[in-house]
Amino acid sequence: MKLLRRFEKAFWTIPFKLFPSIPFWVHADGVWFACSLKRPHDILIPLGVYEKTLMSFILNKLGSGSRFLDIGAHLGGYMLRAASKVGSDGMVVGVEPDPLNYRCLLASIRRNGFKNALLINAVVDKEPGFVDFFR
Amino acid sequence: MTKSLGLSIFSVEPKGDISGLYSRGAWSKRIRIEATTLGALFRRLGVVFDLVKIDIEGAEPFLLDDLSELREFWKMVVVEVHAKAVGRTCGCSFCRKASGLGLDITTVSESRLVHHVVLKKLCK
Chain R
1 MKLLRRFEKA FWTIPFKLFP SIPFWVHADG VWFACSLKRP HDILIPLGVY
51 EKTLMSFILN KLGSGSRFLD IGAHLGGYML RAASKVGSDG MVVGVEPDPL
101 NYRCLLASIR RNGFKNALLI NAVVDKEPGF VDFFR
Chain E
1 MTKSLGLSIF SVEPKGDISG LYSRGAWSKR IRIEATTLGA LFRRLGVVFD
51 LVKIDIEGAE PFLLDDLSEL REFWKMVVVE VHAKAVGRTC GCSFCRKASG
101 LGLDITTVSE SRLVHHVVLK KLCK
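Chains as they are written, first to last, in this note's numbering: chain R, 1 to 135; chain E, 1 to 124.
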């Protein structure tokens, strides 16, 4: 029985391991979010399940033409919503170190057609150079 | 529109040996990623931001000095402060240091693990 459960668990993880970079799409608040099959639980972030107070605070502070910098953008829960709010006069910059999140966020920006969004793949640290990132 | 800071090469090291765990079979992917500083980022972008959100998994206190030096580039900063990293209560070292640097602090939300605080420049 234990072996069967282990096999069952391994079986369901096969697609996630084979196609980690294929995104699945979530539509929330009028914005498309790409999530990786490798981390399906990340779907909760674009849906706005976490940090609702902060989300409403940030979106209230931003208006048309605002400029927003998101250091640690993850899947773009804040960045993409902000990009849709600030409009074409505004500017949104995201910094995301994780390559998988970066690819998902890039795909989201392209799909939503945001021309006001800029994405940087780097770590913000005290000193420039290279940093080991564990996943 | 995308922009890289010049280096976009990732060297993937399949094994890293920490605490001898990896020699006993543990496995973790370690990726080497380019690091930049807040100052370099602001100067490269050359824009004054209305709002800056910083959520870098517990390393936020390291950016405080840079933030106070680069006041001309931002109007308001929202920081996620990890209570575990800086002290349990929100009379924490992060907030004390921020007020010492002349920044006004307001807590937006707080939970057991993280606090979200807003930093503003104090009028002189």
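Treat the hints as calculated values from the structure; they're not laboratory data. One thing to keep in mind: the hints can contain errors.
[To be verified] Stretches of chain R that chain E covers, calculated by requiring three or more beta carbons in the stretch to come under 8 Å of a beta carbon on chain E:
(1) 26-33
(2) 42-50
(3) 68-78
(4) 91-102
[Claimed, not checked] Below 27 Å or equal to it, Euclidean Cα-Cα: the simulated DSS-like pairs (lysine-lysine) are:
(5) Lys38(R) <-> Lys61(R)
(6) Lys85(R) <-> Lys97(E)
(7) Lys126(R) <-> Lys75(E)
Positions of the beta carbon are idealized from the N, C-alpha and C atoms, including for glycine.
Against the structure, the hints come out as follows:
no. : hint                   : in the structure
1   : 26-33                  : violated (count 0)
2   : 42-50                  : violated (count 0)
3   : 68-78                  : holds (count 7)
4   : 91-102                 : holds (count 5)
5   : Lys38(R) <-> Lys61(R)  : violated (34 Å)
6   : Lys85(R) <-> Lys97(E)  : violated (33 Å)
7   : Lys126(R) <-> Lys75(E) : holds (21 Å)
Hint compliance for this structure: hints 1, 2, 5, 6 are not met, and every other hint is.
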